[in-house]
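Quick mapping for you: the protein sequence lines, in order, are chains E and B.
Everything in the first sequence is counted per this note's numbering, starting at 150 for the first residue and increasing by one.
Everything in the second sequence is counted per this note's numbering, starting at 2 for the first residue and increasing by one.
Be careful, since some hints might not be right.
[Claimed, not checked] The calculated EDC-like cross-link candidates involving lysine to aspartate or glutamate, where the alpha carbons are at most 16 Å apart (straight line), are:
| # | chain 1 | residue 1 | chain 2 | residue 2 |
| --- | --- | --- | --- | --- |
| 1 | E | K315 | E | D327 |
| 2 | B | K250 | E | D327 |
| 3 | E | K330 | B | E350 |
| 4 | B | K250 | E | D303 |
| 5 | B | K192 | E | D234 |
[What the hints assert, rightly or not] Calculated Cβ distances over 12 Å to all of chain E for the following chain B residues:
| # | residue |
| --- | --- |
| 6 | R40 |
| 7 | G43 |
| 8 | R50 |
| 9 | L113 |
| 10 | G178 |
| 11 | E247 |
| 12 | K250 |
| 13 | P254 |
| 14 | R266 |
| 15 | A297 |
| 16 | D320 |
Just so you know, these hints were derived from the structure itself, not from any lab.
Computed from a prediction, not measured in an experiment: that's the story for all the values here.
Don't be surprised by glycine CBs; every beta carbon is placed ideally from N, CA and C.
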Amino acid sequence: MTRVSRRIALAALLLTAAGQAFAQPARYGIGRAATPAEIAALDIDVRPDGTGLPAGSGSSSAGATIYASKCAQCHGATGKEGPNDVLVGRVPGDGFPFAADPKVPHTIGNYWPHATTVFDYIRRAMPTTAPGSLSNDEVYALTAFLLHANGIIDAGAVMDKASLPKVAMPARKYFVPDTRKQAAERPKP
Amino acid sequence: MKVTRRDLIAGAASAVALGRTARAQTPPDSTKVRGPGPRAVGDRAATARLQRIVRGQAVSSTPHQDLMGIITPSDLHFERHHAGVPAIAPESYSLLIHGMVERPTIFTLADLKRFPSHSQIHFLECSGNLGRTAGPETTPGMLAGLTSTSEWTGVRLSTLLREVGVRAEARWLLAEGADAAVLTRSVPIEKALDDALIAYGQNGEALRPEQGYPARLFLPGWEGNASVKWLRRLEVSDAPFMTREETSKYTEPFANGTSRQFSFRMDARSLITAPAFPNRLERGWVEITGIAWTGAGRIARVDISTDGGATWAPAQLQDPVLPLAHTRFRHMWQWTGGEAVIMSRAVDETGYVQPTKAELLAQRGPGTATYHLNPITGWVVQADGRVVYKEESWA
Chain E
150 MTRVSRRIAL AALLLTAAGQ AFAQPARYGI GRAATPAEIA ALDIDVRPDG
200 TGLPAGSGSS SAGATIYASK CAQCHGATGK EGPNDVLVGR VPGDGFPFAA
250 DPKVPHTIGN YWPHATTVFD YIRRAMPTTA PGSLSNDEVY ALTAFLLHAN
300 GIIDAGAVMD KASLPKVAMP ARKYFVPDTR KQAAERPKP
Chain B
2 MKVTRRDLIA GAASAVALGR TARAQTPPDS TKVRGPGPRA VGDRAATARL
52 QRIVRGQAVS STPHQDLMGI ITPSDLHFER HHAGVPAIAP ESYSLLIHGM
102 VERPTIFTLA DLKRFPSHSQ IHFLECSGNL GRTAGPETTP GMLAGLTSTS
152 EWTGVRLSTL LREVGVRAEA RWLLAEGADA AVLTRSVPIE KALDDALIAY
202 GQNGEALRPE QGYPARLFLP GWEGNASVKW LRRLEVSDAP FMTREETSKY
252 TEPFANGTSR QFSFRMDARS LITAPAFPNR LERGWVEITG IAWTGAGRIA
302 RVDISTDGGA TWAPAQLQDP VLPLAHTRFR HMWQWTGGEA VIMSRAVDET
352 GYVQPTKAEL LAQRGPGTAT YHLNPITGWV VQADGRVVYK EESWA
């Protein structure tokens, strides 16, 4: 390719690139505005600071009744028996022996780092035979029951949108973010 | 011609290198009978019926021992779901994007298809992709069949985020599925603005229901669980949401007494797909072939050992070698009889070398969760030519 033809080719390339840039607007104007009601209907997530928790409340004693009728068949009479995930159990001294001992089940009491996750997950996915069927009061009550069964809150504690985010979980301090280097940070061989 | 059982066994043994299974029918002379005409929908050859390996209610694996090249046929793409496969009518599908955005917006499926479409060939791997209790009679698909490669088509998530106007303080977004688990994961905004897709296509057609029809999030190179299927909602936020999947699950205890969270990237791995169980070798030249992949870019090299890891030689990489996609490798080996252990080891373009089981155990401890385990694995060629999985004890 001669010098001139190379220049022409380059110019053509730049033109093409510029043309594409012009063809892509800041916005396409596709889609429609979501109304507050439409957002509220789907926005069920709960964050660790309590954002998203609904009105309502529940106690451990109320939760025990619901647990026995709707949860115990999969998680066991006291949350320790299975056959599905073991929910209840602490590690002596609140240690973190999971890397060493595969037999220690990951429970709410010894592994879950945030109490709000218990509420969020029960509300969205439990019980698996009728997910999404529990009222907010029932979810608060089950959350209170499971936190009390794990020895994290007192028997009389009531869970609501003010109290639940304040519950400190024993395993919280053991969680660390991924420190592997991003691909771009690694040296090329 | 009468086919005996002995003929079939011999035929199966000779077909081993191709990973095919012989069947019991000999068709009549095809040059003497006119065949059937065209059909609206084709089917596999009757002798090439393939199946996923189904385990329980929530998992099925890709039968890599039966596949070639790098693309996984869509109906053999692995499955992992948390409350079954939902049935979603495409005309009622919508995706809501809200939170820290200027314009909370609802997109229909037709809306998503009006944006510029991108097609990208990528692997998708479940982070729990290792049969840790596998016995000798384990196939490649049983061992590590929770990875598959497809051409994914969709709209770049960055395009949608520009459309709704992401605020400067945005750092994460929550992706939520419309399955009965209403599965949620938090995703860093950097990935969303980089190469994330809202995918509606797979290998030239609509997504399979098991893969998230009508539309899913697709995060190239990252653990499969984060690529939320049946995507109904994205909420932009300044912090992660700490969902059940990213706290009590999909976190990895380490020997130093911590648990690693938000470990999205899948590191380099390779898997010999033939010869492997249930193949049986004949003496002579054997093609050792398999797939390698990495969440950190391209595969740079795959090494093969035929002496249990004592010596290694580089395999040939089959073009195309694509970033964040399965790469096919092959290595011709002369088996002269006698027991041999064959292994593969992937190296990616960042220099990362696929670890041994011992290296992983030293870092992670024997009790660690099964997530992100990518050890070098091997197959034993027995003296009689039978190939079995080289068992590994993890406890």
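- Per the stated criterion, does the least C-beta distance between A297/B and chain E lie above 12 Å, as a non-interface residue requires? Non-interface label on A297/B violated, nearest chain E Cβ at 4 Å vs cutoff 12 Å.
- Item | Beyond 12 Å from each Cβ of chain E, as asserted for K250/B | Incorrect as stated: the minimum Cβ-Cβ distance to chain E is 8 Å, not above 12 Å.
- Between K250/B and D303/E, does the CA-CA distance stay at or below 16 Å? Between K250/B and D303/E the Cα gap is close to 27 Å, so the pair fails against 16 Å, i.e. violated.
- Exclusion check [D320/B not at the chain E interface, CB over 12 Å]: holds, 20 Å
- Message: Does P254/B clear chain E by more than 12 Å, comparing its Cβ with all Cβ atoms of that chain?
- Response: violated, 4 Å
- Is the Cα-Cα distance between K315/E and D327/E 16 Å or less? violated, 26 Å
- Query: Is it the case that E247/B keeps its Cβ farther than 12 Å from each residue Cβ in chain E?
  - Reply: The claim is violated: E247/B sits with its nearest Cβ about 9 Å from chain E, within 12 Å.
- Query: Should the label of R40/B as a non-interface residue stand, given a Cβ cut-off of 12 Å to chain E?
  - Reply: Non-interface label on R40/B holds, nearest chain E Cβ at 38 Å vs cutoff 12 Å.
- Query: Would you say L113/B is clear of chain E, with no C-beta pair closer than or equal to 12 Å?
  - Reply: violated, 8 Å
- Sort out whether E350/B lies within 16 Å of K330/E, counting only the CA atoms. Holds: K330/E and E350/B sit about 14 Å apart, inside 16 Å.
- Was R50/B rightly flagged as not at the interface, with every chain E Cβ beyond 12 Å? About 33 Å separates R50/B from the closest Cβ of chain E, which puts it past 12 Å; holds.
- Query: Taking 12 Å as the cut and beta carbons as the points, is R266/B off the interface with chain E?
  - Reply: For R266/B, whose nearest Cβ neighbour in chain E is about 7 Å away, the distance does not exceed 12 Å, so it is violated.
This entry does not satisfy hints 1, 4, 5, 9, 10, 11, 12, 13, 14 and 15, going by the numbered hints stated previously.
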